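K.L.:
The residues making up each chain are set out below.
There are 2 protein chains.
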Amino acid sequence: MAAQRVLIGGEWQDSQGTKTFTAFDPKTRTALDENYPVSPWSEIETALQHATAASRMMRNWPAERFAAFLENYAARIEAHSADLVAMANRETALPAAPRLKDVELPRTFNQLKLAAQWAREGSWKTATIDTAAGIRSQLEPIGPVAVFGPNNFPFAFNSAAGGDFAAAVAAGNPVIAKGHSSHPGTTRLFAELAHAAAQETGMPPGFIQLIYRTSHADGTKLAAHPQLGAIGYTGSRSAGTQLKTAADAVGKPIYLELSSINPVIFLPGAVAQRSAELAEQFASSSTMGAGQMCTNPGLILTIAGEATEKLVEDIAARLTAAPVGTLLGEGVLDNLSKGVQTLIQHGAQVMAGGQPGGGTGVCYQNTLLWVAGRDFLAAPEALQTEAFGAASLVVVAQDAGELVQVLEHLEGNLTGCVYSATDGSDDVLYDRVVTVLRPKVGRLLNDKMPTGVAVSSAMNHGGPFPATGHPGFTAVGLPAAIKRFARLACYDGVRPARLPATLQDKNTTGTLRLVDGKWATADVAAK
Amino acid sequence: MAAQRVLIGGEWQDSQGTKTFTAFDPKTRTALDENYPVSPWSEIETALQHATAASRMMRNWPAERFAAFLENYAARIEAHSADLVAMANRETALPAAPRLKDVELPRTFNQLKLAAQWAREGSWKTATIDTAAGIRSQLEPIGPVAVFGPNNFPFAFNSAAGGDFAAAVAAGNPVIAKGHSSHPGTTRLFAELAHAAAQETGMPPGFIQLIYRTSHADGTKLAAHPQLGAIGYTGSRSAGTQLKTAADAVGKPIYLELSSINPVIFLPGAVAQRSAELAEQFASSSTMGAGQMCTNPGLILTIAGEATEKLVEDIAARLTAAPVGTLLGEGVLDNLSKGVQTLIQHGAQVMAGGQPGGGTGVCYQNTLLWVAGRDFLAAPEALQTEAFGAASLVVVAQDAGELVQVLEHLEGNLTGCVYSATDGSDDVLYDRVVTVLRPKVGRLLNDKMPTGVAVSSAMNHGGPFPATGHPGFTAVGLPAAIKRFARLACYDGVRPARLPATLQDKNTTGTLRLVDGKWATADVAAK
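The listed protein sequences correspond, in order, to chains U and S.
My numbering puts the first residue of the first sequence at 19, with every later residue one more than the last.
My numbering puts the first residue of the second sequence at 19, with every later residue one more than the last.
Some clues are possibly wrong.
Put simply, identical chains are the same to the list, so a pair is met inside one copy or across any two.
Claimed, not checked - Straight-line C-alpha distance at most 30 Å; calculated DSSO-like pairs for lysine-lysine:
no., residue 1, residue 2
1, K119, K524
2, K356, K119
3, K458, K356
4, K536, K524
Because the hints were derived from the structure by calculation, they are not lab data.
Note that the coordinates shown come from a computational prediction; the quantities given were computed from them, not determined experimentally.
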């Protein structure tokens, strides 16, 4: 069977590559029919040339052009929901409903619409005008963006439709999408719709391009290429750090979402007060999406006591009773098995699960592990190994002091949750905990679980390394996420007619600007 | 003579180090009297512990506290101008007046006052509130910041008083200043004033600390340390990339200003129209501060022709006639000599200067080199070697097409200047040039030279690598520069009383915030 075509320079064309791969059905553990090409370097370089040409052609284009594309594309996705859901369900085994159809797909097209809205609004540019000095500056498109999507969100983080894609386009950039190998068909469907939208809205040929896979060497070559503006990557820590090393060596911005175990801290008063509620919330969050969530709660921190023992037993029982979800693929299963083994090798004891199986197709039992605080402190790095899936480690500290010591050894995470008593009895300890925890997590939660990343302007889906590559940026939340794909461009003494529209005296776009030290949407007053 | 003391944990104390160094007087080429210690790792680690304690103590402190410190410190600097100017003049040979006394010192204390003003104003936090989702976020202090200052601005970029220092403090962070070895006495005077200001304004002991020098190994260890929040570095490309590699490997934000040759493009119409003016402006900019400016114009791009030949001859004559400044030190002289030799080895011909000497103390003749466009294209990397000092390379392209080809090979730069005719005759070429140039430079100028970095909110003293490490940030220009030393902190379902002041419903600080999709300074309305 001929391989699927790649989208390069505005044309669906046969790949120049000779190697191919297939996707798998995780439910039946069998290969799917379609073949997808591995793109050779020559093809990637051609894509870069087209993207560069597009970037130059779109220089100083009004935000309206990108907004129109995003809205046209969003409408096409909505109209093709059934095809997308069927394909993604086949490739990922994620439930067609409610997960794919009712949650992730609406989230995806709504995010594209929001990106259009914030592209128009334009405050993310922080347009700044100093009339006395004759200097003006703003954030502008960074250039071609390569988006590497993850396995676990075939829609919302898809390289050709998800959050990084939306943000890169809203900033005014062309995108080279590198589909994830576990759902190439889903990515192809998105790229077809994006291409149609790009044609209808008059975007240049190199605006949206798609390749399915590259060699590792070519992936790093792409990440370091002088014509690439930036990289958005969501996926494994090992592959991501390889790309990061290549990009960093040439000072190329790379935005990563790598690894996070999302500590959940149950303070004693909360355990005493509402143990069953905690257990229920945790078990539900831990097994959501078969645990394949960036914000899956992989670590529980508690203080020893009878109530804690009961809570842990309760969680173990709930996890054992809960259905076991199908994993996205054999690679996920392998990594999960290895992750759990690493935790066991460093002293963790199995309270629930701990073995492959328990459900349909590729699967692994819902798992809970346990370790004493002092043992965690003996091997803090190994015991923070991510076991991506429905597997969590409970650390039981002997007292508050040991709990804080454990916190001191935590790496960076996307989230950190603290459950405390409602009567104020945990408040002193809460302060001690949060003083150490706050700088280590992108999002701090009170009395709720980390899964469920709301598409909110105030969301931070980011955090210190290894959660991401830079703690100042978020992958979700508009307009903030747009700024990742921009560079600061200053105009010093540039003749007025040559300035971009958003920096001209007359504020035709109504953008919020910092003019002579004051935020305003008004025109610059004539002198 | 005993070594000068380091400032650690709020105390001036003897260093634990056994090695020392001295500064030099570039005018007499002799060592100065004072000894300064090389701090061993144990001392750096102690400083990190104090800085971490300070960071935690200052968690959620109002901006007013940092603003008060900055203003107190600025006033002390102003009051001690004479001492600072005398010391810096002795250590750097930069003219006491107007350069140090009338330009750089006022710039320095005014920048601290501006930082206080923008710390209070707070819009840089992009405080964002989503009342429906119960999520709030803002940029918050990133943690202890290590500042490595450069040799060429003993005041304005001093690690204990300059732009990075001001921005790091305005964001709410403690600073560990690593003084530059060429002006340790100047840095000590600043740190004494900063320490007094910190004591008077009630800042914690680890807020401002000073060390003078570390081994290279300890410098990289510091850059990668888990307790460090971020690094600000201005200096050589080689030392900077070593720090960058160490910081990048652990995902630590590092803001660098490394290397920039600042292309100046003279389009044919401008040359025909005002050749003498161009020559005068260029020669003046090239020799400013003995050429030791980050924005020194090291590269001229032109198109061949009789007028261009005359212009180049005119510039050469003016450079030959201009006084030769004293360089900052022997290291600068060595690097400058080597840089010029590299250019010559790759085909550049000397039009003026090209040898050490010509002035008082450590010096090198004002230098102009020449190369044809096709020769540049044969060795574009070598011919972009920075020759830090008053040395520039003219590239003469045979036609507009070759000029654009040369532009395609340019690395990232802080600035790019384009001079064009005022009658519109260069406008078509201007567009071709700027389409390629714009993404490669942080600041685009029209009809003016790049030296002179105005302290303006709209300034971008940044640009793509190797000018800096990330094209989205600037080292000069408030409030933008503050954002470098912040991380994004999100509060999801956090109980109202536990929120930072700037994220509470009542906007007691009057900060501009994005509330439910609208920018406002009002309180969040009760529901």
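K.L.:
None of the hints should be skipped; say for each whether it holds.
P.N.:
Cross-check of the supplied hints:
no. : hint         : verdict
1   : K119 to K524 : neither (45 Å within a copy, 40 Å between copies)
2   : K356 to K119 : neither (32 Å within a copy, 64 Å between copies)
3   : K458 to K356 : within (26 Å within a copy, 45 Å between copies)
4   : K536 to K524 : both (16 Å within a copy, 22 Å between copies)
Of the hints listed earlier, those the structure fails to meet are numbers 1 and 2, in rising order.
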